[in-house]
Amino acid sequence: MLTRRALIASALAAPAAAQVDLGFGDNPLRSTTRAFPQKGEMILQRSTPPLLETPISVFDAHDFTPNDRFFVRWHYPFPTEIDPARHRLRVDGHVGKPLSLSLAALARLPRVALAAVNQCAGNGRGMFAPRVPGAQWSNGAMGNALWEGVRLKDVLALAGVNAGAVAVRCGGLDAPLVEAAPDFAKSLPIDQALSDDVLIAWGMNGAPLPLLNGFPLRLVVPGWYSTYWVKMLDHIEVLAKPDEGFWMAKAYRAPANALADIAPGAPAGPVQPVSAMRPRALVTNIVDGAKLPPRGLTPIQGVALGGDQGVKAVELSADSGASWLPAQLGPDHGRYSFRRFRGALALAPGKHVILARATNAAGVTQPLVQNWNPSGYNRAGVDPVRVEIG
Amino acid sequence: MRLALTLAALILVAAAPPTKRLSVTLPDGEGLLPERYGVSADAANSNCLACHSAAMITAQPRLTRVQWGETIAKMRNVYGAPIDPADDKAILDWLVAD
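The listed protein sequences derive, respectively, from chains L and F.
So the mapping is simple: the working numbering equals the position in the first sequence, first residue as 1, plus 2.
For the second sequence, position 24 matches number 14 in the working numbering, and the numbering has no gaps at all.
Since the hints were derived computationally from the structure, they do not count as laboratory data.
In the EDC-like style, the derived pairs of lysine to aspartate or glutamate whose C-alpha atoms are separated by at most 20 Å in a straight line are: (1) LYS64/F with GLU181/L; (2) LYS64/F with ASP185/L; (3) LYS10/F with ASP236/L; (4) LYS10/F with ASP70/L.
Label pairs and their in silico Cβ distance ranges: (5) VAL56/F with GLY27/L: 16 to 22 Å; (6) PRO328/L with PRO24/F: 49 to 55 Å; (7) SER30/F with SER104/L: 51 to 57 Å; (8) GLN21/L with SER36/F: 25 to 31 Å; (9) ASP321/L with SER36/F: 52 to 58 Å; (10) SER30/F with ALA346/L: 53 to 59 Å; (11) GLY28/F with PRO328/L: 57 to 63 Å; (12) ALA20/L with PRO72/F: 33 to 39 Å; (13) PRO266/L with ALA63/F: 19 to 25 Å.
Positions of the beta carbon are idealized from the N, C-alpha and C atoms, including for glycine.
Chain F extracted, bound-state conformation (with noise of 0.2 Å):
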């Protein structure tokens, strides 16, 4: 194994740099939020989901309406997100409806 692991590094060593072009297809995303107890998602999916999909949302530990208002403050001030400053409050019902 440890002969192996040797041999290989030093066949590395000589190997040249990529020639062939490379193209991918990415996956979709994972769709929109849904509604929670009679919350409408729709100003989180109108406002959230152009820059990261879903699952950026729905995998966070449960938050506190401050902490979710510091990372829609973060978004748009840092990230530039343009998101409507009307749709706050209905983003964070939403946000903190689970």
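Next comes chain L alone, as it looks inside the complex (with noise of 0.2 Å):
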């Protein structure tokens, strides 16, 4: 439905290069643009600070994203020009020897390249029911890269971690407008820091990252939700006590459970940081609402995450789910990576609900509800696609 907030929304956002519906019951249109820097065509959630959405017709492509697609999302101003040359990491807090490391420095170091999903916790936040205020992204809030650069842990021993330490505070160059506003850092508990696949990391899919991505270093940390990935990477700071900082006791919280669901107007009970991502599939060649011309098998083929862990299977139904019919996955570039699917189902003339639920290798699978909480996280249940055929 076209209201007239929409359209106001809609002639607001310049410069426009097309509209696009992302499918939300209210407000759903948003404009596309190419004006970012190192960007090609993206969705426009927000000029300043830079909030950019992946059109899903890009993952129907990719097994990994491209850097001048991947999704962009900024609390804060941060520098417009950086030399890479001039660029210090400095490692401090809990630890035997400070050090204020350059890229060359860094580069000394055993260098790792990871396949990895970036998803923003609140990835699919405009389609929460009820709604909730936030970044109103549809399912583009996330990417798959081949991260590169060295290990967190490799550059924590250089440092020396002291015994006692128990968190990894990490920091950018993005800074507040305003004094009063908090510096966005996000903390690793020590366990995760030292774990083997937490990367400093300065290249992704062969290319220097893109300034709007975190040029010239961002923290990597597979299976969890980008919020910790911290661009611009330029603190690490090892602590002795658990960080009290804004936005870590207090932002980018969620029910504690499994699924961070919460009924809708129930009373706040308790709430942990949100981390670790769960498995999701998304089809990303049929979109939502899509009339289809008949034929004896309807080809359906999309991505998965398995959240933490590998993507085990992906399985499509058509019958709200009483049957499933396992999807082939694509190459499997690792755990962490993107899994694409493809799959067939026949769909007689008429209307359907396609699902298609992902298992990882843990055995988590997808549910069929959809998860809620009042901040628009972890969104992790099956997305259906309505589809008539004929």
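Two chains, each in its own frame: build the complex with the hints.
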């Protein structure tokens, strides 16, 4: 429905290339834009600080999301000019030897390349029912890339983590305009920070990080939501006590259960920081509400992520989940990567609802009912795709 | 395809960090919020758009006056936005005039 407020929203968005309908019940229209540096056509959610969403069609065509189509999310202003030769990564706090490392110094450590999905904790927030305030993402606040850099644990070893360390706080060059606002920093529990898979990356799909994705360095925390993947990383602080800062103690917190799920309107119970992602499958070749010509078998394809485990299976259903057909999985680029899938369903002329659900290597299966919480985090249920054949 | 990717991965492991300076220009925001149903957007424009552009507001679903009030309080108390309390009513009047 084209509402007055939707028209206002679209008229405001400049420069506009075209419009997309994100399918939300209210206010679903967004402009697309090519106005951002190192970016192709993106869905414009907000210009300043930028919130740019990847169109779902991009996922349909790539295992690795191209850098110029990769989603963008900033809380605060950030520098628009960076000289990597002058950039320094400070490592201090509860360490034996505080460091200030150049990129050249980092590059002397063992190098690692790892495929991983980077997904905003609020991905899909616009589809929450009832709706919640915040960035109104569809499912394009995620992407998959081959990240290259060095292990965080190797950098921490250079500085020497003291006994009693509990967390590692990471910050970047972004800074709030208002002095009273809390600077953005996120902490990893020490065990997570010292795991093999957490990287400090300078490379993304074989090229330097685009500025909007964190040039020249960003943290890569495979399996965890991108709020931890600090961009323009310039400070690592080892903490001897829990991080009481706003971005850990107050923000990015969700109900303390596996699906971060609470009934709308229910009293707020215990909360915890959002962290590990859940398995998800997303149909990418059919738009919700599409009309398709009749054919023997309707092809269905998409991308899946396993959360913090590999994708074990993707299954398809057109009978509300009474029966499921396994989809064929594409190339395996590692446990944290997108895994593409394709399959086909016999759909007679008429209306159908296509379901695709992912199961990860730990045996966790995507639920058919959506989870809900007042901040719009951790959307994890199956997204039904309505089609009409004929 | 798989061979190509494997080769790409091998090459990548050897790739060095960037050395070239990067400078970009960001586009302007979406401009000012418009008057709605005769309700002036002046208070919203002067208090809300310093930290974020207009689309942050226009992209929201329909929210109640109470929800918008909570948002103003969050901007003021958490993010230190210097919103003049005397402007709250005028900002809220515009936010719910849709």
